[in-house]
Amino acid sequence: MAEKSQHTRLAGPSHTGTEIGVVAFMTLFGAIVIGGSLQVGIDWGVEGPKAGFFPFYLGVLIIISSAVNFVQIMMARSDALFAEWGQLRRVLAVVVPTTIYVALIPYAGIYLASALLIAAFMKWLGRYGWSLIVAVSAGVPIATYLLLERWFLIPLPKGPIEDFLGL
Amino acid sequence: MEEIVNLFHGFAVVLQPFNIMVMIVGILLGVIIGVLPGLGGANGVAILLPLTFSMSPTSAIIMLSCIYWGALFGGAITSILFNIPGEPWSVATTFDGHPMARQGRAGEALTAAFTSSFVGALFAVIVITLVAPLVARFALQFGPAEKFSVYFLAFCSFIGMSKEPPFKTVASMMIGFALATVGLDSVTGQLRLTFGFTELLTGFDFLIAVIGLFGIGEILLTMEEGLSFRGGNARINAKVVFQTWAELPRYWVTSLRSCVIGCWMGITPAGATPASFMSYGIAKRMSKRGDNFGNGEIEGVVAPETAAHAAGTSALLPMLALGVPGSPTAAVLLGGLLIWGLQPGPLLFVEQKEFVWGLIASMYLGNLFGLLIVLTCVPLFAAILRIPFSIIAPIILVFCAIGAYSVHNNNFDVVMMLVFGVAGYFLKKCNYPLAPMVLAIVLGDKAEESFRQSLLGSQGSLTVFWSNGLVGTIMALGLIALFWPLIQEAWVRVRAMATA
Chain A
1 MAEKSQHTRL AGPSHTGTEI GVVAFMTLFG AIVIGGSLQV GIDWGVEGPK AGFFPFYLGV
61 LIIISSAVNF VQIMMARSDA LFAEWGQLRR VLAVVVPTTI YVALIPYAGI YLASALLIAA
121 FMKWLGRYGW SLIVAVSAGV PIATYLLLER WFLIPLPKGP IEDFLGL
Chain B
1 MEEIVNLFHG FAVVLQPFNI MVMIVGILLG VIIGVLPGLG GANGVAILLP LTFSMSPTSA
61 IIMLSCIYWG ALFGGAITSI LFNIPGEPWS VATTFDGHPM ARQGRAGEAL TAAFTSSFVG
121 ALFAVIVITL VAPLVARFAL QFGPAEKFSV YFLAFCSFIG MSKEPPFKTV ASMMIGFALA
181 TVGLDSVTGQ LRLTFGFTEL LTGFDFLIAV IGLFGIGEIL LTMEEGLSFR GGNARINAKV
241 VFQTWAELPR YWVTSLRSCV IGCWMGITPA GATPASFMSY GIAKRMSKRG DNFGNGEIEG
301 VVAPETAAHA AGTSALLPML ALGVPGSPTA AVLLGGLLIW GLQPGPLLFV EQKEFVWGLI
361 ASMYLGNLFG LLIVLTCVPL FAAILRIPFS IIAPIILVFC AIGAYSVHNN NFDVVMMLVF
421 GVAGYFLKKC NYPLAPMVLA IVLGDKAEES FRQSLLGSQG SLTVFWSNGL VGTIMALGLI
481 ALFWPLIQEA WVRVRAMATA
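Heads up: the sequence lines are chains A and B, in that order. Note that my numbering numbers the first sequence so that position 130 is 130, with each residue one more than the last. Note that my numbering numbers the second sequence so that position 288 is 288, with each residue one more than the last.
Derived from the structure by calculation, the hints contain no laboratory data. Possibly wrong hints are sitting among the right ones.
Partial pick of chain A residues on the chain B-facing surface, computed with a CB cut under 8 Å [as the list claims (entries may be wrong)]:
| hint | residue |
| --- | --- |
| 1 | Val22 |
| 2 | Ala24 |
| 3 | Leu28 |
| 4 | Phe29 |
| 5 | Ile42 |
| 6 | Trp44 |
| 7 | Glu47 |
| 8 | Ala51 |
| 9 | Val95 |
| 10 | Ala108 |
| 11 | Ser114 |
| 12 | Ile118 |
| 13 | Phe121 |
| 14 | Val134 |
| 15 | Phe152 |
Okay, the calculated beta carbon distance ranges per label pair [to be verified]:
| hint | chain 1 | residue 1 | chain 2 | residue 2 | range |
| --- | --- | --- | --- | --- | --- |
| 16 | A | Leu88 | B | Glu489 | 33 to 41 Å |
| 17 | B | Pro249 | A | Leu28 | 56 to 64 Å |
| 18 | B | Trp466 | A | Glu47 | 18 to 26 Å |
Glycine included, every Cβ here is placed at the ideal spot set by N, Cα and C.
Produce the complete structure using the sequences and hints provided.
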């Protein structure tokens with residue numbers, strides 16, 4: 001592992017680049033906030049300061065502080081990496097399945113989607129045998145169902161399987 | 001005197017069988033949360049908040065605060081045994097705790113850590129018992145301008161005291177405030193910043209932000225680092241416990257100093273993490289055996305653990321007395337109050353005596369129970385860490401999703417949780433502090449309301465914030481906190497010039 005990381009040490013997006021990206025996103029966010037505030041009015045109305053008054057100045061502060069951050073980032077430029085590609089691949093190995101999981105919940109219900117997510121993680125990242133995978137990925141949703149819906153009476157999104165079982 | 005009577009009423013409430021059960025369940029869940037990487041005090045409490053919807057507010061706050069105590073205790077277990085801080089505030093505990101475990105003194109280190117945590121928490125609870133009612137009584141006279149000035153002070157101290165670059169703190173905080181303004185404007189009843197999306201009508205719930213930023217974001221960071229657990233032995237027996245207890249009183253100076261540092265840092269919203277580092281650093285400088293710090297010195301465990309717990313506990317003081325939480329977890333508890341239909345702030349001490357004193361009494365008992373539970377169940381909790389991350393990670397993700405969904409029974413919240421999670425990963429990597437953002441989302445509406453009400457009273461003149469001694473003093477303190485780093489630098493320069 002240590003040897004491998006030495007070979008690939010120089011591969012990956014640069015830290016400065018990512019920082020600039022984050023600052024750009026924040027500036028955009030600030031601009032959207034200013035735009036939205038202008039729509040509802042930022043001046044003084046009959047009821048006092050209008051709804052956009054407070055957020056307008058927040059947007060201005062976001063843009064000012066992003067500008068200062070940008071200058072400071074450019075002054076402290078370095079060759080440091082944000083992360084190695086291998087590390088980012090591991091991060092994506094969580095983000096991608098989780099995105100699919102979140103997209104699946106409204107259609108499949110949270111229980112089936114959760115079972116699939118756990119099974120996928122155990123298969124691809126842990127390389128476990130099927131018997132353990134089935135036990136954990138079925139056990140967690142069932143335990144969750146009993147704990148939340150039966151004991152604490154909290155309804156969770158359900159899908160076709162729960163309809164079929166009449167739950 | 002009245003406080004003591006109220007406190008005993010509180011004990012009577014807490015000692016009801018159901019509340020004792022809730023307390024023990026809370027601590028057990030809390031320790032598990034503290035032990036697991038990716039689940040911490042703030043998001044753990046946020047995820048479990050829906051469990052309390054069907055309880056009375058008093059039982060609910062007992063459960064949630066006990067989860068918090070449990071999480072504070074749990075952080076020490078992983079730091080000492082595995083050299084993996086389960087929580088940011090237990091990083092300093094690894095410096096001496098893990099070397100002790102490697103020398104076969106894990107039991108000693110764990111006992112010292114748990115006992116110091118207990119001492120720190122106890123000190124802070126006593127401070128809360130004595131000071132909070134006074135602060136609340138004082139704060140009852142506050143008008144909108146004074147209220148805003150308290151928020152101003154809290155947020156300024158964040159900027160002045162954080163170790164992150166100040167403009168990154170400002171950016172993160174202002175984004176939090178901006179997110180809080182989305183949706184219905186509570187003063188004019190007008191919609192704003194929704195851009196026609198019906199999902200945004202209700203605005204952003206900070207619980208979703210907490211679960212995403214701290215929960216999902218933390219898992220992504222853990223994945224990136226690629227965890228491998230190399231654990232020490234977790235055996236702890238009565239003999240070791242009593243031996244360590246006999247040794248601990250020797251460090252009473254360190255302990256007392258750490259309590260004071262912790263309480264100070266907890267009440268001003270600097271938080272448990274800087275408190276633990278600062279306390280460790282000062283103990284290292286002051287101790288006779290300071291050179292040996294880092295090689296398994298028991299004093300190096302006592303100092304950060306005491307301070308972290310004192311800070312974590314005293315963060316509830318401003319939350320209870322002023323409605324201004326001192327830490328993200330305190331913010332989640334404050335969010336809980338709003339959900340249960342209670343109005344946080346000084347009036348709580350007048351209108352909800354049973355609730356407030358039940359909570360304070362549960363702090364005493366919860367920490368005592370917590371100490372007993374962790375001392376007896378350490379091997380059990382350590383075993384949880386041996387479950388591979390590839391099984392634990394998806395289960396944590398599932399719990400995060402369930403927690404995010406059940407806040408409003410809304411699928412869009414789960415999507416937002418993921419968005420906050422990815423954002424949290426980038427912000428954390430780029431050194432933006434997340435706590436001010438969360439506090440700003442929680443307090444945004446109230447801060448804005450008091451700001452606008454003050455301006456309404458003064459016809460738009462900002463002089464209202466200097467119109468009387470009280471508000472002027474608090475605002476001035478806020479400005480001092482804001483420019484503290486500059487003031488410090490100037491002072492050093494002046495002294496250098498004077499000596500030259």
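Evaluated hints:
1. Val22: With a closest approach of 5 Å, the Val22 (chain A) hint holds.
2. Ala24: Hint on Ala24 (chain A): violated, closest Cβ of chain B at ~12 Å, above 8 Å.
3. Leu28: With a minimum Cβ separation of about 11 Å from chain B (threshold 8 Å), the hint on Leu28 (chain A) is violated.
4. Phe29: 6 Å, holds
5. Ile42: Because about 10 Å separates Ile42 (chain A) from the closest Cβ in chain B, which is outside the 8 Å limit, the hint is violated.
6. Trp44: Cβ of Trp44 (chain A) sits 6 Å from chain B, so the hint holds.
7. Glu47: 5 Å, holds
8. Ala51: This hint holds: Ala51 (chain A) lies near chain B, its Cβ roughly 4 Å from the closest one there, short of 8 Å.
9. Val95: 6 Å, holds
10. Ala108: Violated - the Cβ of Ala108 (chain A) stays beyond 8 Å from chain B, reaching only about 12 Å at its closest.
11. Ser114: 4 Å, holds
12. Ile118: 4 Å, holds
13. Phe121: With a closest approach of 4 Å, the Phe121 (chain A) hint holds.
14. Val134: This interface hint is violated because 13 Å lies over the 8 Å limit.
15. Phe152: With a minimum Cβ separation of about 5 Å from chain B (threshold 8 Å), the hint on Phe152 (chain A) holds.
16. A:Leu88 x B:Glu489: 33 to 41 Å: Roughly 38 Å apart at Cβ, these two residues keep to the hinted range, so it holds.
17. B:Pro249 x A:Leu28: 56 to 64 Å: With a Cβ separation near 58 Å, Pro249 (chain B) and Leu28 (chain A) satisfy 56 to 64 Å, so the hint holds.
18. B:Trp466 x A:Glu47: 18 to 26 Å: At roughly 25 Å between Cβ atoms, Glu47 (chain A) and Trp466 (chain B) fall inside 18 to 26 Å, so the hint holds.
Violation of the numbered hints given earlier is confined to hints 2, 3, 5, 10, 14; the remaining hints are satisfied by the structure.
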